[in-house]
Amino acid sequence: MGKIRTLALSLIVTLGLIGNLLALTADELVRRIDANQDVSSQKFSAKMVITKRNRSLTKVFNGVGVKAGEKSYMAFTNPEDRGVKYLKLGDELHIYLPQAQDSMKIAGHMLRQGMMGSDISYEDMLAKDALQDDYESAIIKETNFMGRSCLLLRMTAKKPDVTYYIREAIVDTQWNVVLQARLFAKSGRLMKEMVFEDVRTIGNKFIAMRMTIQDSTKKDSKTEIQFLSLEVNIPVDPTLFTLSNLSR
Amino acid sequence: MIRNSRLLVTILLSLLAPLSAEIEWQGKFTHDSSLIRKGDSWSYSGLLLSRVNMTHQSETWRFYSDFGIAQYLGEAGKIVPSPLVDIKSVYVRWTSPPVQFSVGRHYINLGLLSLFNPFELDSSLVFNDLAGEKKGLDGCSLDFSPLSHVKFRTFLVPNSDSAAIACGLDSRFYFPNLTLGMVYLRERMDGNSAGLYSQFDLLLNWKTSIAFHFDDDANEYYPDFSAGVDYSFFNRTVLFQCHYKFEEKQDSNPAYQMQGVNGAFLKGEQYLYVQLMLSPDEFFNAQLDCFYNLEDGSLLFIPTVANLLANGLKLAFYCPWTIGDESAEFSEKNFGLFTLNLRLEAKI
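Heads up: the protein sequence lines correspond to chains A and B, in order.
Each residue of the first sequence is one higher than the one before, starting from 232 at the first, in the numbering used here.
Each residue of the second sequence is one higher than the one before, starting from 2 at the first, in the numbering used here.
Chain A extracted, bound-state conformation:
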C-alpha cells in the first residue's frame, strides 16, 4: 500500500511538472527568448573560423552594439582584413574599405552575400533580434538536446519579406536560449542550421559564447563564431555609430 501511494504521488508530481511545462505557451516562450536577448548594449571580441571542405580561414573582430542590435559597429583585426569595418544603422549597412579610405552602403544583391566569405549573410546581420514581432509560433513537442530539457518551437513568418519564412528552434526552457535553429525558405527548403553552445551567465542573461552556422545551400561549408570576450548592458559612446567613426 505504501509503495503504491509513493508511486502514485511520484506520478502526480511528474505529471504536474510536465503539465507546467506544456502550460507554457509558444508566445510566452518566444517572449522569454526575446527578453533574454534584449540587452541595452554589448561589447565583444570574437573569432570567426570559416571552413570549406578541409580548409579553414580565421578572422578576428571587435564589435559594439546598442538597442538590441539596431546600431552596431564591427572592425576586423586579422592581417588579411585589417581595417575593414562595418556600421549597421537600422536597416542600412555601411562598409569601410581601407584600400579606398572610403565607405559605401551595402545594398541590394550584395546583402545576400556572406559577410567576409562566411555563412552569415549581410541580411542576417540586419535582421531584427526580436522574434515576436515577425513570427507566429507553436510548440511542437518536448525534446532533449545536449542533455538539456528543451522544447521544439516552430515559427512562421507573419510577413512575406523576412529572410527566413520558417524557423524551427530547440529552446532550453531553463535558460530561455535557442540551442539549435533551422531556418527555411518559404518553399520549405532548409537554408541554414545553427547550433549554439557554451552558454554562460553574463550580467543576468544567458548567452551562448559559441555558435556554428552551416549554410545548407553550400556543400561542406560552415562558420564557427567564438566570443573571446563579451560584456552587456555597459555604457557605450553613441558617437561610435556614426559615419565619421567608420573612417576613423
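Simulated from the structure, these hints should not be mistaken for lab results.
Note that the Cβ used here is the ideal one computed from N, Cα and C, for glycine as well.
Treat each hint with caution, since some may be false.
With a Cα cut of at most 25 Å, we get these calculated BS3-like pairs of lysine-lysine [what the hints assert, rightly or not]:
| # | chain 1 | residue 1 | chain 2 | residue 2 |
| --- | --- | --- | --- | --- |
| 1 | B | K39 | B | K79 |
| 2 | A | K302 | A | K278 |
| 3 | A | K449 | A | K417 |
| 4 | B | K315 | A | K449 |
| 5 | B | K315 | A | K278 |
| 6 | B | K315 | A | K450 |
| 7 | B | K89 | A | K283 |
| 8 | B | K136 | B | K39 |
| 9 | A | K298 | A | K389 |
| 10 | B | K29 | B | K89 |
| 11 | B | K29 | B | K136 |
| 12 | A | K278 | A | K389 |
| 13 | B | K136 | B | K315 |
| 14 | A | K389 | A | K274 |
| 15 | B | K29 | A | K278 |
| 16 | A | K450 | A | K283 |
| 17 | A | K283 | B | K315 |
| 18 | A | K450 | A | K298 |
| 19 | A | K453 | B | K315 |
| 20 | A | K278 | A | K453 |
| 21 | B | K39 | B | K334 |
| 22 | A | K278 | B | K348 |
Non-contacting residues of chain A with respect to chain B, defined by C-beta distances greater than 10 Å in every case (computed) [said to hold, decoys possible]:
| # | residue |
| --- | --- |
| 23 | L260 |
| 24 | G345 |
| 25 | V393 |
| 26 | L421 |
Start from chain A and add chain B according to the hints.
For chain B alone, coordinates are given in the frame of chain A:
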C-alpha cells in the same frame, strides 16, 4: 612639390618618435613576375615590393603611414630606377563626430567608388591590379556627417604643376535603396568639374555619374558620363558587372596612366568594362576583366585565377591579352600580345 613632400613626411614622422612604443605594425610583401610576348620574343619584368604600415590610434587621433620599397627587375628595371622608396600615405587624422579632419598624404575620393569615376582625382590605373591601393595626395580633407544619412567632404591639395590649389566639395545623401551626390571639383586652372552621381537598386545595383568639365570662364565644357550595373547569380557565387564610360573631349584632359609603363591609356571617348567573377568560396576566385574601346574596337582581356593558400597568403595568376590592330589602343605594340603574370602576396 617633392621638397614639400619630404618636409611634410619629416614633420609627421618626427611626431611618431615619442609614440614608437604604441605603434601597430603591419606588413605586406608582393612578388610580381611577368613574361611579356611581343612578336616572336619574350621579355621578363618583375617587381619585389615590401610595404610597411604603421598605425597609432588614440580616441580622437590617428597616425597612419604606408611605406614601400620596390625593386623592379628585368625590362621594368631598365625603365624604373630601383630600389624605389614609395610613400603611399602618411597622415594624421582627427575625428570628433560629426567632423573628421585629415592632413598629410592620403587618398581623397569624391563621388562613387567605381572604375570610371569622373570626379576621381588620381587617374592612374593599373590594369593588372584594378582594386589596388592608390597613392595618396598631399593636402588636407574634411568630412562632416551631421546626420546618419548625410555626408559632406571637402579638400585642399596644392597642385604640383602650378601655384594653384586643387579643391572640391562632395555632398552625399543616403536614402533607402538610393544614394545621391553632388560634386564640384577644381583640379587646376581651367580644370573644373561639376556633376551628380547616384547608386540605387532597381532589380540590379546601378551606379551612375554625370559630370561637366569646364574652364574658368565656362566657355568650353564637355560631358563625362558613366553608368554601371552589377548583380550576383547562382547563390552569390557569380558576380557580373558592366560599366560604360563616355567622355567627349580627351585631348586636354589628363588621361589614365598605366602605372610603371610609358604611355597613357583610355584616351578615347567611349569604353565598356565588363567583369565576370566566380567565387565559390573565400579561398578560390576566378575572374575575367575586359576593357573594350568602342571606337577602335580593340579589346584587353585580363583573366585571373587566385587562391588563398593560408591566412594572409595569396597566389594569383593572370594572363592579359589584347585583340586589336597595331594602331589600336589595346594592341600588341602597347601591351604585348599576351602576358603571363604570377603574383605572390603575403600579409602579416
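Do the hints match the structure? See the list:
no. : hint            : in the structure
1   : B:K39 x B:K79   : holds, 17 Å
2   : A:K302 x A:K278 : holds, 21 Å
3   : A:K449 x A:K417 : holds, 18 Å
4   : B:K315 x A:K449 : holds, 23 Å
5   : B:K315 x A:K278 : holds, 21 Å
6   : B:K315 x A:K450 : holds, 23 Å
7   : B:K89 x A:K283  : violated, 35 Å
8   : B:K136 x B:K39  : violated, 30 Å
9   : A:K298 x A:K389 : holds, 23 Å
10  : B:K29 x B:K89   : holds, 13 Å
11  : B:K29 x B:K136  : holds, 16 Å
12  : A:K278 x A:K389 : violated, 34 Å
13  : B:K136 x B:K315 : holds, 22 Å
14  : A:K389 x A:K274 : violated, 31 Å
15  : B:K29 x A:K278  : holds, 22 Å
16  : A:K450 x A:K283 : holds, 8 Å
17  : A:K283 x B:K315 : holds, 16 Å
18  : A:K450 x A:K298 : violated, 35 Å
19  : A:K453 x B:K315 : holds, 21 Å
20  : A:K278 x A:K453 : holds, 14 Å
21  : B:K39 x B:K334  : holds, 7 Å
22  : A:K278 x B:K348 : holds, 18 Å
23  : L260            : holds, 33 Å
24  : G345            : violated, 7 Å
25  : V393            : holds, 17 Å
26  : L421            : holds, 14 Å
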